[in-house]
Amino acid sequence: MQASKTTREKVEAGLRRRRRREIVFQLSGMLATTVGVMFLGVFFVDLFAKGSTAFMQTYIRIDVEFAEDVIAPDGEIDLAYADFDGLVRTALRNEFPAVSGRSERRELYRLVSIGAGYQMRDMIEAKPALLGSKETLWVPASSTVDMYVKGNIDASIDEALRPLSDAQVGWIESLRESGRLESRINSALFSNGDSREPELAGIRGALMGSVYMLIVTILLAFPIGVAAAIYLEEFAPRNRWSDLIEVNINNLAAVPSIVFGLLGLAIFINWMSIPRSAPLVGGLVLSLLTLPVIIIASRAAIKAVPPSIREAALALGASRMQVVFHHIMPLALPGMLTGAIIGMSRALGESAPLLMIGMVAFIVDVPSGFSDPATALPVQIYLWADSPERAFAERTSAAIIVLLAFLLVMNLTAVIMRKRMERKW
Amino acid sequence: MQGTTLILILAAMSFAAFFFGRGRSVALVGGPRHSTALHSLPGYYGYFTAIWCLLPALAVLLLWVLLEPRIIVALIVKGLPEAQRSLSVGELDLLLNNIQNLAAGDAISGDLDAALSEAATRFQDYTTVSRRILAASTLAVAGLGGAIAWRRIRPDLRARNRVEGIVLLALIAASSIAILTTVGIVLSVLFEALRFFQKVPISEFLFGLNWSPQTAIRADQVGSSGSFGAVPLFTGTMLITGIAMFVAVPVGLMTAIYLAEYSSSRVRNIAKPLLEVLAGIPTVVYGFFAALTVAPWVRRTGESLGLEVASESALAAGLVMGIMIIPLVSSLADDAINAVPSAMRDGALGLGSTRAETMTRVILPAALPGIIGGVLLAVSRAIGETMIVVMAAGLAANLTVNPFEAVTTVTVQIVTLLVGDQEFDSAKTLAAFALGLMLFVVTLILNVIGLVVVRKYREQYD
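Keeping their order, the protein sequence lines are chains A and B.
Using our numbering, the first residue of the first sequence is number 1, and each one after it goes up by one.
Using our numbering, the first residue of the second sequence is number 1, and each one after it goes up by one.
To be clear, the hints were calculated from the coordinates, so they are not data collected in a lab.
It is possible that part of the hints are untrue.
Stated by the list, open to error - The list that follows gives simulated cross-link-like pairs (lysine to any residue, SDA-like), each with its CA atoms no further than 25 angstroms apart:
#  : chain 1 : residue 1 : chain 2 : residue 2
1  : B       : Lys456    : A       : Ile296
2  : B       : Lys428    : A       : Ile269
3  : A       : Lys419    : B       : Glu91
4  : A       : Lys150    : A       : Phe44
5  : A       : Lys134    : A       : Glu65
6  : B       : Lys272    : A       : Leu40
7  : A       : Lys5      : B       : Gly352
8  : A       : Lys303    : B       : Val231
9  : A       : Lys419    : B       : Asp335
10 : A       : Lys419    : A       : Arg346
11 : B       : Lys78     : B       : Ser130
12 : B       : Lys456    : A       : Ile269
13 : B       : Lys428    : B       : Leu67
14 : B       : Lys456    : B       : Ile445
15 : B       : Lys428    : A       : Arg276
16 : A       : Lys10     : B       : Ser353
17 : A       : Lys127    : A       : Phe190
18 : A       : Lys5      : B       : Ala348
19 : B       : Lys78     : B       : Leu67
20 : B       : Lys78     : A       : Arg276
21 : B       : Lys456    : A       : Glu233
22 : B       : Lys272    : A       : Leu408
23 : B       : Lys456    : B       : Ser353
24 : A       : Lys10     : B       : Thr358
25 : B       : Lys456    : A       : Glu246
26 : B       : Lys272    : A       : Phe44
27 : A       : Lys303    : A       : Trp241
28 : B       : Lys272    : A       : Val42
29 : B       : Lys428    : B       : Arg195
30 : A       : Lys5      : B       : Ser353
31 : B       : Lys272    : A       : Val35
32 : A       : Lys134    : A       : Ala67
33 : A       : Lys127    : A       : Ala227
34 : B       : Lys199    : B       : Val231
35 : A       : Lys127    : A       : Glu68
36 : B       : Lys272    : A       : Val45
What the hints assert, rightly or not - If the Cβ cut is set under 7 angstroms, some of the chain B residues that face chain A in the computed set are:
#  : residue
37 : Leu169
38 : Ile172
39 : Val189
40 : Val251
Since the model is a prediction, treat every value here as computed from it, not as a measurement.
No residue lacks a Cβ here, since even glycine has one placed at the ideal position from N, Cα and C.
So here's chain A without its partners, still in its complex pose (with noise of 0.2 angstroms):
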C-alpha cells in the first residue's frame, strides 16, 4: 500500500498549514463582525457624549422691575417698541453694582441672552397686570456662559484665546456661589423653531415639518402603493406591461434619492408652481421615494397569503374583487402596515431631496400648515452641523438622538407589529 500511504502523507504535511488557514478565515471572519458592530458602539458613545449635555441648559436668575415708564411711556402697554433688553439691563447692573465702564458694562450683558428680553415681553403680553411690579425671573444664559458651565470652556488658557474673559468668569462664578445660577432641562430645545442663538434654538419646527410632511407622504404612499400591490399580484397579466412596472419598481427602490429632489425641483415647483419650501411639496417628492419600499412590502404580505383562503373564497361565488378585498387585504394588513412604518421611517431620515427643493431656508416660525415654508428634523441637523458655535454642536448631536428615537419607536413598532401579527399557516 505504498501509493495510499503517500497520499496519506500529502495530506498530512499539509494540514498544519490549512488548519492555521481555517483559523485565520475565522479570525477575519471575527474581526469583521466586530468591525461594524464596534463602529456602532463608539458612534453612540461618541454622540451621546456630546449630545447629552444639550438637554440641560444653564438659568441665571435676574431680579427685573417691569418699569412702566419703559414698557408704557404714553399709559398704554407698547409692546412693539418696549426696550424689555434695556430692562435686563437694568436688572444686571443692580446685580453688579461695582461694574462701570462701558466695555465692561457690555461684557456683563453678554452673560445673558437675548431671550430674557423676549420672556420679559411675553410675560407681560400674557398678563399685563404685571406692569410695574418686580419679579425674579430665571432666564437662560447666554451660549457662551453655558459652554463654561458645562466644562467646554477651559478657564486656566490665556484670557485672549478663550470667549470669555476673566472678568465674565469671575462674575459666574459669583452668580454659582450666591445661587443665582442654575442647570436645568432645556425646555427651548423643544418648544422653539430655529434661532441664530444656540440657546434659544429649537427643534420644534422642524419636527413640526416633518410631521406634516410624513402627514402628506402616508396619505399618499400607503393607498396608491398597496393598491399597486394589488393590481400587480392579484390582477396584472404577465405581460411585457407588467414586467416593465416590475422593473421600474425594483429601480426605483435604487435611484440615489437625490434624483427624486431634482424631480421635485422640476415637476413640482417649476413646472406646477406649488411654493417653495412647503411640507406639500417634501410629503409628495418623499411618498414617490416610499412608494416603492410600500409596494414591495405589500406584495410580500399578499404573496404570504395561502392560496387555500383565495380559492375556498373563489369556490363559494365570490367576484376577484371580493377575494381580495374581504379575504385578503384583511390578512395581509398587517405586512403592509409594518411595511408603510419602514418606509416612513425611511422618509423621515431622508434629506437629500429635501435640499433640493428649498428646505433648507433658516425658518424660524413653527409651521402651522402644509404650504407654510418649513424644515425637517434631519435637515435641521445638517443646517446646525454647519454652524461653527460649540453649543451647535452639542445641540446637533441633541437633535440626531431626537431623531433616532424617533426611528427606534417606528422600527420597534414595525418589529412587535410583525412578530404579533404574523401568522403561521
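Go by the hints and put chain B onto chain A.
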C-alpha cells in the same frame, strides 16, 4: 367658498348618494327580504351611485384648478392698457406678480398707479367669481351625476361589475405611478440637461478637466469664467466610492460568511439586528459623524504619521460611507451564500476540506455572480449617496487620486449648485441637471445589471 369645505360637501354628498342608491335598489324589489331579486348586493348599488356622484365632480374640480390661473391671467392681460400689453414676457410676468400681490394685500415693488390697482381689483373680482362658479358647477355635477345613476338603478343593473371595473381602473392607475415617476425623472432631468448642453458643449462637460461653475451675472465681472469640465467630479466620486467599497466589500462579505458559517446562533441573533441598525441610521447622521468625529481623527492620525491631510479628506468620507454600506453588502452576500444548495457544501465538507476551503473553493465561486450583483448595487448606492459627502467631503474640484486630499463629488456639486437663489435657466443651475442625468444613467445601469444578476442566480439553484 374654501376648497376644503367644497371637498367636505362633496364627500358628504357621495356618502348620502350611497344610502340613496342602496335604498332605491332595495325599494325597487320590495324590501330587504326580496334583495335576492337584485343582480348585485344592495351595497353595490350604493357604491355605484356614490361613484357617479363623486368622480365627475372631482374631474370638474381638477380641470378648473388647472385652468383657472391661465384664464384669469388672460382676462387681466386683456384688460390692461395698450402700453402694458405690449411689454416683453419677463416684464409682463413682473407686472402680473405685482397685481397678484396687490390683490392679496401684500407689499409690491415699483409704483402703484391707477391701472395697477384697477387690475388688482379686477383680479380679486375674477377670483371670487371663479370660486363661485367652481363651487356651483362642481356641486351641480355631483348632484346630477348622482341623480342620473340613481335613476338608472334597476334590479337587473349589473352594479357589482360596474363598480369592480372602476376599482380595477383605479388599481391600474396606481400601479402606473411607478412608470410615471420614472418618466418624470427622465423628462425633467433630460430636458434641463439638453438646455445645458446647448450652452456648454457635451464634449467639454464629459472630458473637460476644469470645474468652476461660477458664471458671470454682469459681463464685466471678475473671476467668473464658468468652466464645466466634470472630470474632477467623476474622479472624486470614484475615489470616494472606491474607498467605501474597499471598506464595505471585505468587511460585509466576511461578516456574512462568519454569521452564516461560524457564529453560534446567539451571536447571530445579536449581531444581525445590530448591523441592521447601521442600515437604519439616516445618512445625515453619518455625515455629521464623518465631519465632526472621523475627519478630525483621520487628520490627527495622518499628521502624527507625518502625512499632510486635508481637513475634509476623501478618506474620512469614504470610510464612513463604507461603514454605512456594510449591511447592504452583507445581507446581499448572505442571500447569495444561502442560495447555494447545501448538497454542494456537504459534499465539499464530506471530502475532507476545511470550512474555509469549502467557503473559498466551493461556495463563494458558486455564489460569485450573486455577490457581484450585490456589489454593483452597493456601488450604485455609494455613487448616489449625498449627505455624507456634502457634509464631510470638500467643495474644491481637485483632480487627484490622493485619499488625503479634499475632493468633490457629483452629488455634492448638485446640492451646491441648486441650494441658494439662482435664476433657473443659468448655466449653473442647468449644470446640476446635467450632473443629475449622469448620476441617473450610471446608477440605472448598475442597478439593472445588479438586479438582473442577483435575481437570475437566486433562481438558478431554487
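Results of checking the hints against the structure:
1. B:Lys456 - A:Ile296: Since the Cα atoms of B:Lys456 and A:Ile296 sit roughly 18 angstroms apart, the hinted pair holds (cutoff 25 angstroms).
2. B:Lys428 - A:Ile269: Holds, because 18 angstroms separates the two Cα atoms, which is no more than 25 angstroms.
3. A:Lys419 - B:Glu91: Violated - the C-alpha atoms of B:Glu91 and A:Lys419 are around 63 angstroms apart, more than 25 angstroms.
4. A:Lys150 - A:Phe44: This hinted pair holds, its Cα atoms lying about 20 angstroms apart.
5. A:Lys134 - A:Glu65: Holds, at roughly 4 angstroms.
6. B:Lys272 - A:Leu40: The hint holds at about 12 angstroms.
7. A:Lys5 - B:Gly352: Within the cut-off at roughly 17 angstroms; holds.
8. A:Lys303 - B:Val231: violated, 46 angstroms
9. A:Lys419 - B:Asp335: Measuring from Cα to Cα gives roughly 22 angstroms; hence the hint holds.
10. A:Lys419 - A:Arg346: Holds, at about 21 angstroms.
11. B:Lys78 - B:Ser130: Holds - the C-alpha atoms of B:Ser130 and B:Lys78 are around 17 angstroms apart, at most 25 angstroms.
12. B:Lys456 - A:Ile269: With Cα atoms ~40 angstroms apart, B:Lys456 and A:Ile269 exceed 25 angstroms; violated.
13. B:Lys428 - B:Leu67: This hinted pair is violated, its Cα atoms lying about 32 angstroms apart.
14. B:Lys456 - B:Ile445: With a Cα-Cα distance of about 16 angstroms, the restraint between B:Lys456 and B:Ile445 holds, given a limit of 25 angstroms.
15. B:Lys428 - A:Arg276: Status holds; Cα separation ~19 angstroms.
16. A:Lys10 - B:Ser353: holds, 14 angstroms
17. A:Lys127 - A:Phe190: It holds: about 24 angstroms lies between the C-alpha atoms, which stays within 25 angstroms.
18. A:Lys5 - B:Ala348: holds, 22 angstroms
19. B:Lys78 - B:Leu67: Judged against 25 angstroms, a Cα distance of about 17 angstroms means the pair holds.
20. B:Lys78 - A:Arg276: violated, 30 angstroms
21. B:Lys456 - A:Glu233: holds, 20 angstroms
22. B:Lys272 - A:Leu408: Holds, at roughly 16 angstroms.
23. B:Lys456 - B:Ser353: Roughly 29 angstroms separates the two Cα atoms, so the pair is violated.
24. A:Lys10 - B:Thr358: With a Cα-Cα distance of about 19 angstroms, the restraint between A:Lys10 and B:Thr358 holds, given a limit of 25 angstroms.
25. B:Lys456 - A:Glu246: holds, 15 angstroms
26. B:Lys272 - A:Phe44: holds, 17 angstroms
27. A:Lys303 - A:Trp241: holds, 20 angstroms
28. B:Lys272 - A:Val42: Given pair B:Lys272, A:Val42 holds - Cα atoms ~18 angstroms apart, limit 25 angstroms.
29. B:Lys428 - B:Arg195: Cα-Cα ~11 angstroms, so holds.
30. A:Lys5 - B:Ser353: holds, 19 angstroms
31. B:Lys272 - A:Val35: Holds, because 13 angstroms separates the two Cα atoms, which is no more than 25 angstroms.
32. A:Lys134 - A:Ala67: holds, 8 angstroms
33. A:Lys127 - A:Ala227: It is violated: about 54 angstroms lies between the C-alpha atoms, which goes past 25 angstroms.
34. B:Lys199 - B:Val231: holds, 18 angstroms
35. A:Lys127 - A:Glu68: holds, 14 angstroms
36. B:Lys272 - A:Val45: Cα-Cα ~20 angstroms, so holds.
37. Leu169: The hint is violated - B:Leu169 has no Cβ within 7 angstroms of chain A, the shortest such distance being about 10 angstroms.
38. Ile172: holds, 6 angstroms
39. Val189: holds, 6 angstroms
40. Val251: holds, 5 angstroms
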